[in-house]
Structure formats: structure tokens, C-alpha cells
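Put the two chains together into one complex, using the hints given.
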Amino acid sequence: MKVQATSRTAAGLPTGKLAVWWVIASEVPIFGGLLASYLMNRVANPGWSEGLEHLNLWIGAFNTLVLISSSLVVMLAHAAAARGDGQKAAARLRLTAAGGALFLCIKAYEWSVKIRAGHVPSAGGLWQYYFSATGLHAAHILVGITILLIVAAGAAKGKELQRVELIGLYWHFVDVVWVALFHLFYIVR
Amino acid sequence: MSEHVVDPGQYIKTWLILVLLPLFSIGAFLTGSRPLAIAVSVVIVLISTVVAMTRFMEIDRLPSFISYIFVTAVVFVGLFFFMVAPDVMKHDGQHWFKPAVQTDQEAAPAAGHR
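Protein sequence lines correspond, in order, to chains U and R. First residue of the first sequence? That's 1 in my numbering, and the numbers climb one at a time after it. First residue of the second sequence? That's 1 in my numbering, and the numbers climb one at a time after it.
Chain R on its own, in the form it takes in the complex (with noise of 0.2 Å):
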């Protein structure tokens, strides 16, 4: 069991703002701007978890190991994702290409001549 004193209150509280949150981007996808939608989702996201981690699962409390490692799993998924995203947006590279992209760009010069 927890050594420190748990107040229900408080838990009451943190649910009230991690239900309020989502409302916003359900807002901003209600504008009917995409952009905004993905603004406004990203940082209720963010906003969300942190909330979440530090007054439900109290990571604040726990020794700082912890976070480093729970912030190393994040780092692995960033250096995933930014190091292979680079090459997904490209058409081909060594050794592969977009079969998609491919007939599409030998489509395009049929097309013209009709």
C-alpha cells in the first residue's frame, strides 16, 4: 500500500479535467478546420497523458528512474518514426519504389497523347 495520504477529492477533480479535454477537440473537429482539429488534438493529447500520468499514476512521486525509462519508450517510438518517415514521403530509394506512384507517372504521358 501507498505511503502517502490519498485524497478522493482530488481524484474527482483530475476527472473532471480529463473528461472537459476531449470536449475541446471535439470543438475544434466540429469547426470544420482540419488544421485546427490537429492542433488542438495534439496538445489535448499531450495534456491528457501528462495530467493522467502525474495525478492518477503519480509518477511525480515515484523516484526519477522511472520517468527515464518511461521516457526512453517515447524516445524509442520518436526515432522510429522520424527516421523512417522521411523515406515513406519519398517515391523510390535503393533497391524499392512506389508501385503506386510508378504507374501513375507512366498513366500521366498516355494520357497527354490522347
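Bound conformation, chain U alone (with noise of 0.2 Å):
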């Protein structure tokens, strides 16, 4: 027989909310270090973070409204897989994935007029900085843009909708990581 434990009696709470909330939680020292750093930098450093007027602040504006309607959307797909409505859940799922998509697309493109126009990483620590953070952060989308259409599959079957809530914990955490990201790099230059 095929044992599978959904639950911790101890903990109180389904395995994979457990997991999902342990992942959020190494998570935060890998971003904070690495953002703190960054701080760290610039209050040591007058002026070594003027090549952040090289941002464009609306691009990164829009891309800050893309993550947080696609979470807007994933939290939709929660609440279909909540009434039990696996097709409608998928749907809203594989919609914020093309959301994610969207974001990628959006920052490689910025990626490219950075690099074309000479800030690559080597040009200086800044650099080095923003590409790292950023690109930290995009494959946070990737492997959640992964996961996501790995759920919606399941959940287009009516299998697991459990699974539904858990990405998309995730998916939020992403996007509490572009708003400080988006804030500290385009906002305070």
C-alpha cells in the first residue's frame, strides 16, 4: 500500500506547507546577505552606486505591477482549487506563469541595453551587484515558472490541488523579493 503523510501532528500544519515555509525561511539569509552587502557598499562608498541612473525606473515599475498581478492571479487559481475546480485553478496557474514569462522577457531585455551599452559585470562592483541580485532573482522565476506548469498538469486532472496553495506561496515570497529589489535599485539611487 502507498503511504503518503499530508500532515504533521506535531507541527500542526500539511508536510508541504512545512516544507514550502522552510525553503521561504533559507531563503531570506540568501537575499538579505547578498542585499545587505550590496548596503553595505553604498554606505561605505559615497557615489559608488551613481551608475544606478542608468535604470530605467518605468521598466522596472511595470515589471513590479507584472509580479504582483500574477500573484493576484495565483492567489485566483488558490481559491478555484479551493471550491474544487482543477481546470479553472490550471488555468489561472499557466496565466501566471506567462506572467512570470513576462517578467523574464521584460529583464532581459534590460539586461541587454545594459550590457550593450558597457555595464556588464566586470565594469565595475555595482554591476556585479545589480546582475547578480537580479539574476539571483530570475531563476527564482524560472523555477517557480517551472513549478507552476509542472501544478497546473496536476491540477488540470483534479490531482493534488493541494499543491496549488504551495506554489504560490512561493510565488509571492518571489515577488516580496522584486518589490525590496525594485526598490533599492530603481528608487534609491
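Since the hints were derived computationally from the structure, they do not count as laboratory data. Any given hint could be a false lead.
[Unchecked claim] Keeping only pairs whose Cα atoms sit at most 16 Å apart, straight-line, the calculated EDC-like set for lysine to aspartate or glutamate is: (1) U:Lys17 - R:Asp60; (2) U:Lys157 - U:Asp85; (3) R:Lys98 - R:Asp87; (4) U:Lys88 - U:Glu160; (5) U:Lys17 - R:Glu58; (6) U:Lys114 - U:Glu50.
Okay, here's the thing in C-alpha cells:
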């Protein structure tokens, strides 16, 4: 008989949800450490961040809108899954993945503009941090898109609908990280 | 699946709040005042994080140990920053110095002789 653990009595949480929260908590020092190092460089070296003037505020703002909107769509997918409507949940998860893909396309365009202008990682510490932080974030988006599509495939068949909420948690975290990155790189210049 | 009732109307309200919040930061940036932009950004990032975590991630509905785990992770980042930043602000220390700062100091008297 196949036995699958779905909850932990001691934790009072479904196992999957507990695991996702552990992942999120472990991601905090990864992004937090990187951003804390960046902040230290900025505080210790006045003028070091002047290159940020080359970033386009409105591209960053639009990407923020895209990610926040995709967070709403994943919540609506969760609402559909809670009603047992796997088909609708799957459609909304795919729409969320499309939002993530749009975000990556815009980010790729932005990177290509910067690279063509000579703002490459080897051009200085500022650009190393910019590409590291936004690259690490983009990698998380890519992973998120992959998981969204896998969960959507299951949800479309009415299977494992509890996973819709779990990928939603991860997606919101990625969203929150982007809001911090947007402010650090695009607003506080 | 979660046991509580999900309300799409609440999610849309939360989305609206999260969309509107960065507009304050952008407005502060457009005033051209850097201190204002920094202050508003810090506040907006904190509010956005709390709103997303409570209304989208619903951390307040989970057992409190989840919040403790998350806060502990944030405290580690804070410890890293506040324990290292004071040294980063110095020009030299035990077995280390900032070459750029030393080069500037050496160049200053030479420029004065000219």
C-alpha cells in the first residue's frame, strides 16, 4: 500500500506547507545577505552607486506591476482549487506562469540594453551586485514558472490541488523580494 | 487544501494595495529628494512585505512557530549587517586596509607640494 504523509501532528501543518515555509525561511538569508552586502558597499562608498542612474524606473515599475498582478492570479487559482475546480485553477496557474515569463522577457531586454552600453559585471562592483541580485531573482522566477506548469498539469486532472496553494506561497515570496530589489536599485539611487 | 474560506474579493483588494504602495515610492523619487525617497522606500517595502505575508501568504493563520522561523532568518541578516557594517565604514583595521583610501591619502600631500 502506498502511504503518503500529508500532515505532521506536532507541527499542526500539512507537510508540504511546512516544507515551503522552510524553503522561504532559508531563502531569506540568501537574498538578505546579498542585499545587506550591497547596502554596506553603498553606505561605505559615497558615489559608488551613481551608475544606477542608467536604470529605467518605468521598466522596473512595469515589472513590479506584472509580478504583483501574477500574485493575484495565483491567489485566484488557489480560490478555484479550494472550490475543487481544477480546470480553472490550472488555467490561472498557466496565466501566472505567463506573467513570470513576461517579467523575464522584460528583464532580459533590460539586461541586453545594459550590456550593450558596457554596463557588464566586470565594469564594477555596482553592476556585479545588480546582475547577481536580479539574476538570482530571475532564476527563482524560472524555477517558479517550471513548478507552476507542473502543478497546473496535475490540477487540470483534478489531482494534488493542495499544491496550488504551496506554489502560491513561493510565488508571493519571489514577489516580495522583487519589491525590495525594485526599491533598492530603481528608487533609492 | 486549506480549511478556511478563501475570498477572491479580499485578494483583489490586497492586489490594489500592493499596486498603489510603490506609487508613493515613485512619487518620492520624482520629487528629486534622495532622503525622502530613502525614507518612503523603507516604509513602503516594510508595509508591502507585511501586507503580502499576512493577506496573500496568510502567515497569521499559521502556527506561531512559522513566524518565529521567519523572524529568526531576518534576524540573521540583521546580525550580519550590523556586525560587519561598522568595520566596512573604517579605512583600516587589524591586518587589513582599504587600498583606495590609502592611495588617496598618499596623493593628498604630494598634491600640496606642487
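The hints, checked one at a time:
Our distance criterion of 16 Å between C-alpha atoms is met by lysine 17 of chain U and aspartate 60 of chain R, whose separation comes to about 14 Å. Annotation: proposed proximity of lysine 157 of chain U to aspartate 85 of chain U holds, straight-line Cα distance about 10 Å (limit 16 Å). For the proposed pair lysine 98 of chain R and aspartate 87 of chain R, the alpha carbon gap of about 11 Å is at most 16 Å, so the pair holds. With a CA separation close to 14 Å, the supplied pair lysine 88 of chain U and glutamate 160 of chain U stays within the 16 Å bound.
This hinted pair checks out: lysine 17 of chain U and glutamate 58 of chain R have alpha carbons roughly 12 Å apart, not beyond 16 Å. In summary, the hint linking lysine 114 of chain U to glutamate 50 of chain U is supported, as the alpha carbons are separated by about 14 Å, within the 16 Å threshold.
Checked against the numbered hints given earlier, this structure breaks none of them.
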